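**Q** Sequence:
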Amino acid sequence: MKIASIYLLVSFILLIFGCSASTGSRYEQKEDVKNEQNEDNKEQIQEDFDITPYKTEIELESEELPTGKLPSDTWYQYNENSNELQKNIAGTTDGFRVQVVATDNIEEANQTRSEIYSKTTNKEVYINFEPPFYKVKVGDFTIRQDAEDLKFMLNQLGYKEARVVQETVNLFEFRQ
1 MKIASIYLLV SFILLIFGCS ASTGSRYEQK EDVKNEQNED NKEQIQEDFD
51 ITPYKTEIEL ESEELPTGKL PSDTWYQYNE NSNELQKNIA GTTDGFRVQV
101 VATDNIEEAN QTRSEIYSKT TNKEVYINFE PPFYKVKVGD FTIRQDAEDL
151 KFMLNQLGYK EARVVQETVN LFEFRQ
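Here the sequence shown stands for residues 1 to 176, where the numbers follow this note's numbering.
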């Protein structure tokens with residue numbers, strides 16, 4: 001009985017160590033066979049087709065690039081009367097502005113301010129620092145619908161985060 005159990009134990013140990021001694025797996029062998037077949041196929045296929053006579057040249061008319069400034073009649077009720085008259089702040093009141101972006105980067109805020117200043121006819125573009133963000137806001141509106149109209153225009157220009165905020169705004173008086 002002892003001999004049989006020792007024989008069984010030795011057989012089991014040899015079986016375990018014998019199976020674990022293989023260096024490769026069945027998956028690696030299949031990949032090697034596939035790679036050899038692909039290399040054989042590459043050698044058999046030769047392309048002798050010349051595509052150069054069939055190339056098509058496309059000529060596009062060059063259009064005048066936009067300068068970023070919009071004509072004054074592009075947007076309804078947005079005209080450039082502010083260039084003819086001098087504005088002075090007469091006071092402040094509760095009103096609305098359009099917040100375009102809130103960022104912690106002052107360079108990004110300044111860049112956004114200059115883009116909006118050049119793309120729109122509304123010249124009241126403010127940067128407010130409300131820790132920790134620099135907020136770029138446009139306009140001084142006493143009527144919410146006017147701010148909504150500007151928000152719509154800014155959305156069309158690509159500022160998808162624009163939203164109307166309630167705030168104290170400046171009242172202007174115009175002098176010539």
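Simulated from the structure, these hints should not be mistaken for laboratory data.
None of these values were measured; they are calculated from a predicted model.
Please note that a few of the clues may not be correct.
[As the list claims (entries may be wrong)] Per label pair, the in silico range of CB-to-CB distance:
#1 A102 <-> Q145: 48 to 54 Å
#2 F174 <-> T56: 42 to 48 Å
#3 F133 <-> F174: 30 to 36 Å
#4 T103 <-> R175: 19 to 25 Å
#5 E61 <-> P131: 24 to 30 Å
#6 E130 <-> R175: 31 to 37 Å
#7 Q111 <-> F174: 17 to 23 Å
#8 E47 <-> F12: 54 to 60 Å
#9 R163 <-> S118: 19 to 25 Å
#10 D48 <-> T103: 56 to 62 Å
#11 P132 <-> T168: 17 to 23 Å
Quick reminder that beta carbons are idealized off the backbone N, C-alpha and C, glycines included.
**Q** Now tell me if each hint is right for this structure.
**A** Hints, one by one, checked against the model:
no., hint, result
1, A102 <-> Q145: 48 to 54 Å, "23 Å, violated"
2, F174 <-> T56: 42 to 48 Å, "59 Å, violated"
3, F133 <-> F174: 30 to 36 Å, "33 Å, holds"
4, T103 <-> R175: 19 to 25 Å, "36 Å, violated"
5, E61 <-> P131: 24 to 30 Å, "51 Å, violated"
6, E130 <-> R175: 31 to 37 Å, "32 Å, holds"
7, Q111 <-> F174: 17 to 23 Å, "30 Å, violated"
8, E47 <-> F12: 54 to 60 Å, "59 Å, holds"
9, R163 <-> S118: 19 to 25 Å, "22 Å, holds"
10, D48 <-> T103: 56 to 62 Å, "58 Å, holds"
11, P132 <-> T168: 17 to 23 Å, "22 Å, holds"
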